[in-house]
Amino acid sequence: MSPEKRLRELEARLDLVRLRDDLSIELSALHNQVGQPDKALAAILVRNFQPWEGGEGMALEQFARARLTLGRAALKRGDAAAARDAFQSALDAPRSLGEARHLLSNQSDIHYWLGTACAAVGDEASSRAHWRAAMKFQGDFTAAEVRPFSEKAYYSALSMRKLGLEAECDSLLGAIEDYAGTLLNTASKIDYFATSLPTTLIFEDDLQKRQEILAYVMLAQVALARSAVADATNWLRRVRRLDPNHAYAADLSAEANDERERTGEAVPTE
603 MSPEKRLREL
613 EARLDLVRLR
623 DDLSIELSAL
633 HNQVGQPDKA
643 LAAILVRNFQ
653 PWEGGEGMAL
663 EQFARARLTL
673 GRAALKRGDA
683 AAARDAFQSA
693 LDAPRSLGEA
703 RHLLSNQSDI
713 HYWLGTACAA
723 VGDEASSRAH
733 WRAAMKFQGD
743 FTAAEVRPFS
753 EKAYYSALSM
763 RKLGLEAECD
773 SLLGAIEDYA
783 GTLLNTASKI
793 DYFATSLPTT
803 LIFEDDLQKR
813 QEILAYVMLA
823 QVALARSAVA
833 DATNWLRRVR
843 RLDPNHAYAA
853 DLSAEANDER
863 ERTGEAVPTE
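Sequential numbering of the sequence shown, starting at 603, is according to the working numbering.
Heads up, some of the hints might be wrong.
[Unchecked claim] Taking lysine-lysine pairs in the PhoX-like style, the calculated list, with each CA pair at most 25 Å apart, reads:
1) K764 with K811
2) K678 with K607
3) K678 with K641
4) K764 with K738
5) K738 with K607
[To be verified] Taking CB as the label site, the calculated pair distances span:
6) T788 with A614: 34 to 42 Å
7) T788 with R839: 39 to 47 Å
8) A683 with T788: 40 to 48 Å
9) E861 with P750: 39 to 47 Å
10) A856 with D725: 19 to 27 Å
11) A777 with K811: 18 to 26 Å
12) N787 with G680: 40 to 48 Å
Note that these hints are calculated values from the structure, not bench results.
All of these numbers come straight from a predicted model, not from anything done at the bench.
No residue lacks a Cβ here, since even glycine has one placed at the ideal position from N, Cα and C.
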């Protein structure tokens with residue numbers, strides 16, 4: 603169902619939502635999805651979370667996403683200092699979230715945007731330091747496993763470009779594209795002893811569809827990085843048809859719209 607409809611359902615029973623950590627995170631996620639980052643932060647910062655198996659990183663994810671959204675909005679309106687503060691705070695998770703980031707967790711997206719904000723305020727040394735940090739991340743720990751690539755590899759590639767490493771950027775984009783192609787041609791499977799999965803009902807999840815969506819998002823990222831905005835938009839439309847609540851698709855669509863406004867490119871038809 604659409605995030606707007608799901609949000610209305612939860613807001614109608616906030617008395618029940620506030621009893622549970624998982625529903626409070628879902629409420630925050632839906633606020634983020636419909637472009638309400640301030641409400642997303644309020645939904646999780648008002649609560650002290652207790653870690654649970656399968657919920658690792660979920661509160662951190664919504665906290666960081668809200669801060670990144672606020673930072674990008676500040677950049678767009680020309681307030682680079684506020685953007686830098688918002689991006690920096692994404693790295694500094696409060697103790698109330700109940701956990702720290704996994705040691706293998708990829709944070710290239712935060713460092714990319716933080717570098718961009720530092721560049722906008724004229725702090726070249728800090729901007730390059732953050733872009734170097736972003737490009738050095740290898741793989742990611744997501745969905746209870748280590749993967750060679752995740753959606754955040756895109757920001758490592760963009761950081762390479764910011765540093766003038768165009769050949770390295772092109773190489774990484776090619777590797778991401780190849781990995782997405784492999785996902786589309788590989789059957790997904792689950793270890794039935796793996797209970798620590800970030801989904802409420804693991805036996806009702808469509809893992810093949812989830813894998814297909816991941817591939818489409820990565821292909822959209824590669825297209826956008828290559829300035830093929832129309833192709834990126836078409837890949838993202840495929841994602842939204844399969845999952846209208848997909849976070850990376852929503853945020854990448856916003857980036858594609860910004861690029862389209864900058865270049866004056868027309869919106870591709872369905």
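Each hint, compared with the structure:
| no. | hint | verdict |
| --- | --- | --- |
| 1 | K764 with K811 | violated, 34 Å |
| 2 | K678 with K607 | violated, 28 Å |
| 3 | K678 with K641 | holds, 20 Å |
| 4 | K764 with K738 | holds, 14 Å |
| 5 | K738 with K607 | violated, 40 Å |
| 6 | T788 with A614: 34 to 42 Å | holds, 41 Å |
| 7 | T788 with R839: 39 to 47 Å | violated, 23 Å |
| 8 | A683 with T788: 40 to 48 Å | holds, 45 Å |
| 9 | E861 with P750: 39 to 47 Å | violated, 27 Å |
| 10 | A856 with D725: 19 to 27 Å | holds, 25 Å |
| 11 | A777 with K811: 18 to 26 Å | holds, 24 Å |
| 12 | N787 with G680: 40 to 48 Å | holds, 45 Å |
Consistency note: the structure conflicts with the earlier hints numbered 1, 2, 5, 7, 9.
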